[in-house]
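Protein chains: 2
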Amino acid sequence: MSESYTLHEDPISANCYKIRLTAALVGVPLTRIAYDIRKGETRTPEFLAQVNANGRIPVLEITGAQGTRFLPESNAACWYLASGTGLIPADRFAQADMLRWMFFEQYNHEPNVATLRFWLGYIGEANLSEAQKGQLAAKRAGGDAALRLMDEHLSTHDWFVGGGITLADITLYAYTHKCEDGGFVLADYPAVQRWLDRVAGVAGYAPMD
Amino acid sequence: MSESYTLHEDPISANCYKIRLTAALVGVPLTRIAYDIRKGETRTPEFLAQVNANGRIPVLEITGAQGTRFLPESNAACWYLASGTGLIPADRFAQADMLRWMFFEQYNHEPNVATLRFWLGYIGEANLSEAQKGQLAAKRAGGDAALRLMDEHLSTHDWFVGGGITLADITLYAYTHKCEDGGFVLADYPAVQRWLDRVAGVAGYAPMD
Chain A
1 MSESYTLHED PISANCYKIR LTAALVGVPL TRIAYDIRKG ETRTPEFLAQ VNANGRIPVL
61 EITGAQGTRF LPESNAACWY LASGTGLIPA DRFAQADMLR WMFFEQYNHE PNVATLRFWL
121 GYIGEANLSE AQKGQLAAKR AGGDAALRLM DEHLSTHDWF VGGGITLADI TLYAYTHKCE
181 DGGFVLADYP AVQRWLDRVA GVAGYAPMD
Chain B
210 MSESYTLHED PISANCYKIR LTAALVGVPL TRIAYDIRKG ETRTPEFLAQ VNANGRIPVL
270 EITGAQGTRF LPESNAACWY LASGTGLIPA DRFAQADMLR WMFFEQYNHE PNVATLRFWL
330 GYIGEANLSE AQKGQLAAKR AGGDAALRLM DEHLSTHDWF VGGGITLADI TLYAYTHKCE
390 DGGFVLADYP AVQRWLDRVA GVAGYAPMD
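Chains A and B, in that order, are what the protein sequence lines are. All residue numbers for the first sequence refer to the working numbering, where the first residue is 1 and numbers rise by one. All residue numbers for the second sequence refer to the working numbering, where the first residue is 210 and numbers rise by one.
Chain A with its partners taken away, still in its complex shape (with noise of 0.2 Å):
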């Protein structure tokens, strides 16, 4: 019995492209439902329960012969559909090198250019708790920091692992794309642009909108 597969998710949520950017590229369809998280739709008892009692979106719903089974947490969700593919590389070293970017991309860059985006782009600056106006500056200076390390890591490798495009890849691909939501300055970081360039040109390939 083939699985099938259903998205748990916000449009526009960058978290939940990945997933959709992944699958793409592996040749999987997806099936999507939608939540709007700026109305909470994602904190209903309904969801809590069935969904994802971590109150998140995406989950991956997955249909095969174990039943149906949920997966929060994007990265988790595109390392299972790219099980077995080129996507994760099967080296030792380069499989734990491709983690590292995505354990990266979850601590040092998400939190910092995903929620600016937000915040900024979304939210709106002026509809902000003071709490979160507190932030912001060590939200900006926290994602250059990671616009930096990446523009130095791309300044001398084309991917992030090996010699093309795995999971870091795609994982770093979808809010550093829409970095400028939050304010970013891509012109910045010019090996980070010519790396954007190089993903959207993959056979595959799926814009986020």
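Careful, some of the hints might be misleading.
[Said to hold, decoys possible] Residues from chain A shown here face chain B by an in silico Cβ test under 8 Å; the list is partial:
1. Q66
2. L71
3. E73
4. A76
5. W79
6. Y80
7. F93
8. A96
9. L99
10. F104
11. Q106
12. A131
13. G134
14. A138
15. L149
16. D151
Since the hints were derived computationally from the structure, they do not count as laboratory data. Idealized CB from N, CA, C, for every residue including glycine.
Based on the hints, put chain B in the right spot on chain A.
Same frame as chain A, now just chain B:
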């Protein structure tokens, strides 16, 4: 040629302890090099150039047939050391589900539970910046939400994934078993407490201190 491993670490960091615990459970010796993050010893030009351009520990240094390579990010280093062992399930869904908890650890757990431990247990509340003080309530709520989610899962499961210990347990154990340093109350999470004892009872377990 067999490999040898050096861990660049700060002994107070439970992110570093994760790697020592993984190495102990798989029976691999580690050479340890200590840095004091409170003295900025991971931000020196030498460290940035040779060990990790991101200025962070832990970094696993791997020396073998491929020469010497450096692997940042605690959870990626655990993955490398555990490759091919029972600490990483072979089943496709279980493997992705393990990574799901490891990404949760870095995104929802560590930035709250580990940060409050460092701020309150090592820097001291009186010495925090105004920006840090402004984040205390949100980090308390975020850490308690992470511990509550773990407690719910562990109330019906002995381990995070499958029927035995995996990297999901090791990586979540590290800061959870020290969470009271940051003012969290383990007695609020009885299923977590029982799981902490379960982890500490595994053959080959090595304590942090």
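The hints, checked one at a time:
For A/Q66, the interface hint holds, the least distance from its beta-carbon to any beta-carbon of chain B being 7 Å, beneath 8 Å. Because the closest C-beta pair between A/L71 and chain B is about 6 Å apart, less than 8 Å, the hint holds. Interface restraint check: A/E73 against chain B, minimum CB-CB distance 4 Å, threshold 8 Å, status holds. Nearest Cβ of chain B to the Cβ of A/A76: about 4 Å, under the 8 Å cut. The hint holds.
Nearest Cβ of chain B to the Cβ of A/W79: about 5 Å, under the 8 Å cut. The hint holds. Satisfaction of the interface hint for A/Y80 is found here, the shortest Cβ-Cβ separation to chain B being roughly 4 Å, below the 8 Å cut-off. With its C-beta approaching chain B no nearer than about 6 Å, A/F93 sits inside the 8 Å limit, and its interface hint holds. Proximity of A/A96 to chain B holds as hinted, the smallest CB-CB distance being about 4 Å (cut-off 8 Å).
This hint holds: A/L99 has a C-beta 4 Å from the nearest C-beta of chain B, less than the 8 Å allowed. At its closest, the beta carbon of A/F104 sits 6 Å from a beta carbon of chain B; the interface hint therefore holds under the 8 Å criterion. For A/Q106, the interface hint holds, since its Cβ comes within 8 Å of a Cβ in chain B; the closest pair sits about 5 Å apart. Given the 8 Å rule on beta carbons, the hint for A/A131 holds: about 6 Å separates it from the nearest Cβ of chain B.
Restraint check, A/G134 versus chain B: the minimum CB separation of about 5 Å is within 8 Å; hint holds. For A/A138, the interface hint holds, since its Cβ comes within 8 Å of a Cβ in chain B; the closest pair sits about 6 Å apart. The beta carbon of A/L149 comes within 6 Å of a beta carbon in chain B, closer than 8 Å, and the hint placing it at the interface holds. The beta carbon of A/D151 comes no nearer than 11 Å to any beta carbon in chain B, farther than 8 Å, and the hint placing it at the interface is violated.
Violated hint: 16 only; the structure is consistent with all others.
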